[in-house]
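Asker: What follows is each chain in one-letter form.
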Amino acid sequence: MAIERRNLFKILGASVAIPGVGLGQPQHKHTSTARASATYQPRALTPPEYRVVDKLTDLILPADEKSPGAHDAGVARYIDIVLLYGDKTTLSAWQNGVKQLDAAAAAAHGRLFVEITLEQQTDIMRLMAANEANPITEMETFFAAVKRLAIEAYYLSSAGKQSLGYKGDKAISRFPGCTHQDHQV
Amino acid sequence: MQHKVFDVCVVGSGPGGGIAAYVLAKAGLKVALVEGGGRLRAGLDYNAHVDAHSTLEDRLKKGLRNPIPGVWSDRFERNHFVPVGDRPGHGQLRALGGRSICWAGHSLRFGPLDYKQWPISYEDVAPWYSRAERLMLVHGYKDHLSNLPDGEFHRGVPLRCGEMMLKRGVEALKSRGRRMEFVAQRKAMPTEANSQRRAICHYCGHCMQGCEVDSKYTSANTPIPLGMKTGNLTLFLHSTMTRILRDAKANRVRGIQYHDSDNNIRELQCKALVLSCSAVETARHLLLNNLANSSDQVGRNLTSHFGVTVVGLFPQIVDRDSSNDDGTDFFHSLLTGLYWDQPNPNFQGTYQIQCGAGVHPTRLSIRNVPGFGTDLKKQILEMNACHALMNMQGSLLVSSKKYIDLDPEKRDRFGLALPRVHLHYEDSDVAMARDMVATSEEVIKAAGGRVWSSPKEISPQTLVIDLNHWVGTCKMGTDPTKSVVNTSGRTHDIRISGLVTPPCLRLIRKRIRPSRTLP
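So the sequence lines, in the order shown, correspond to chains A and B.
Heads up, the first sequence stops at 185 in the numbering used here, and the numbers go up one at a time, no gaps.
Heads up, the second sequence stops at 704 in the numbering used here, and the numbers go up one at a time, no gaps.
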């Protein structure tokens, strides 16, 4: 079921009061394909919140034919540690973002964000990212914050370096510079 | 209490103080080198070669937010002064070697034009540049440029793909009559075996976070150890000068008062004093001690680098083979030669543009790419692979609106007035930055690229000051009523003793056209 942007925000406005799909429901089952991020136990976010962030970052930076995605790169773990040592306002903004995301998924599809299909998740993400250059709403701001930290974490991981085809961080005796004949001046 | 009388006391062990201490000790003088910080051990106290995910928590526990450890990110002090006006910044590193530990190593000679308004000429200084390059082990190419003289270089470090594109753009504009040059940077890292046995650069790209194998020249790894070998150099670490002691009758400096690491107040006697604790701190101490300021020029003639950044993308290299782009930190190249002999009517002085390119995960020049998913990853890869970044280093207009003075209320932990750094950009500064943006965009387009990011409007709010390149504040000149130091870097006011100041000691540093600081 596709959702219109205006409907999403209508839903988000009423998100907190949606019954039956609140956070902290350990009995909900995963239907998404993401594996748990190793054995890390989140300390800033609750386990359900952590699963949402893990899924969200993996949607932002997924695996492809060249490299693993954010999930396998441990991006959610990195973020949880940053939030653990950050200020309470930031953590609470993230928790609120997760809550709204889950509420939006519940309102549109009757399930939590991590339980809806990839297509449905992507649909919500697309709406969150639509105004990326100039985020205004809480969800848009949340997306920008998640993406910023996800990119930092991902490209500092070996998966991120792999995705860039990075060949550095090693001692070499002579720097070759550009060796492409067609680039020379 | 120290009873020994040193021939010279050097305050500050950074780029200026370290070499001063060595040269004086080598000449047979008994030298005390006073440094507010302690020793940092390369590879132990700083080392950027880490897995950021593994070290993240330990760093956050210590209050360090930057995921990559290093001198620049971990130890830089930024709150030791009071900013006034357009967001001035100033960095300070309390450690043996000072900010030479976290400099990028750029080692460019000033040229004949730069000295035009100085009371000394390029020819006077050229032999000293050669001596400095031999000591510092500077690499570079001989480019045969009129106002960027060649030196005694180790093998140069070549350009990366993106920088090669910028060179292409510059050559295209030159063929149409524009006057500009594009050269590889010259930096103080050996690229060849050397008698100093300094490690040859291994091109890891973390120079400014501190070279963990001590390949990059620092005061701490070259002149200070050499000075210690003479037996004439004594270090006073964790010692902060709080007062300059003066023999009023003889009109000379007789020593300093300092606080040691246990906060004991001590005195150090000397026959001459060398102040080399940055343009900001040197001026501050002269003002605090009401010294050498009969001309009222101490703290004035303040200038630094400032600028903006433009990024270009080059579709012709988007599919290039991936390569190791680390090199000698990010900025490998330099666009220069602008307005050397034909001044721009819209602004005074000139600027250069330091340029860098390549794929660097820890830096990731281009990360603000819209969207998400596999397309985002693909674009981040392609854009970083084919980008070149151009960062302006403009010469800030010297005027009465930029200066150092003492804050009337704020004090440091010793009860001394903090320095205020006054920065107010002016029309000339804004016009220079606009010209830089136009020139950079022209170069990118001439190379067949497209501009990815560029400031839409230039105003004092969009300009960024360089934290580390402040110079001036102790003007050199032959007229004691209009300058602080003479052509030997000694103060006009105090006989016998010498006060050697940063502008006089830092003859090798980033080009800033210091002629603007002179009458």
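Everything labelled a hint here was simulated from the structure, so no lab data went into it.
Certain hints may be false.
In silico PhoX-like cross-links for lysine-lysine, where the CA-CA straight-line distance does not exceed 25 Å [unchecked claim]:
| no. | chain 1 | residue 1 | chain 2 | residue 2 |
| --- | --- | --- | --- | --- |
| 1 | A | K99 | A | K88 |
| 2 | B | K247 | A | K167 |
| 3 | A | K88 | B | K563 |
Taking beta-carbon pairs under 8 Å as the criterion, some of the chain A residues facing chain B (in silico) [what the hints assert, rightly or not]:
| no. | residue |
| --- | --- |
| 4 | Y40 |
| 5 | K99 |
| 6 | Q120 |
| 7 | D123 |
| 8 | L164 |
| 9 | G165 |
| 10 | D169 |
| 11 | C178 |
| 12 | Q181 |
Glycine is no exception: its CB is placed at the ideal position from the N, C-alpha and C atoms.
Asker: So, for every hint listed, does it hold in this structure?
Answerer: Now the hints, each set against the structure:
A C-alpha spacing of about 16 Å is found between K99/A and K88/A, which places the hinted pair at or below 25 Å, so the restraint holds. A threshold of 25 Å between alpha carbons decides the hint, and for K247/B with K167/A the separation of about 31 Å lies outside it, so the pair is violated. A hinted pair counts as satisfied when its Cα atoms are at most 25 Å apart, and K88/A with K563/B does not qualify at roughly 34 Å. Using the Cβ-Cβ criterion of 8 Å, the hint placing Y40/A at the interface with chain B is not satisfied: the shortest such distance is roughly 11 Å.
Below 8 Å, beta-carbon pairs count as interface contacts, and K99/A has none with chain B, the closest being about 21 Å; its hint is therefore violated. This hint is violated: Q120/A has a C-beta 15 Å from the nearest C-beta of chain B, more than the 8 Å allowed. The beta carbon of D123/A is not positioned within 8 Å of any beta carbon in chain B (closest approach about 12 Å), and the interface hint is therefore violated. Evaluation of the L164/A hint against chain B yields a held restraint, the C-beta minimum of about 5 Å falling below 8 Å.
Interface hint status for G165/A: upheld, as the beta-carbon distance to the closest one in chain B is roughly 3 Å, under 8 Å. Proximity of D169/A to chain B holds as hinted, the smallest CB-CB distance being about 7 Å (cut-off 8 Å). A least Cβ separation of about 4 Å between C178/A and chain B falls short of the 8 Å threshold, and the interface hint therefore holds. Nearest Cβ of chain B to the Cβ of Q181/A: about 11 Å, over the 8 Å cut. The hint is violated.
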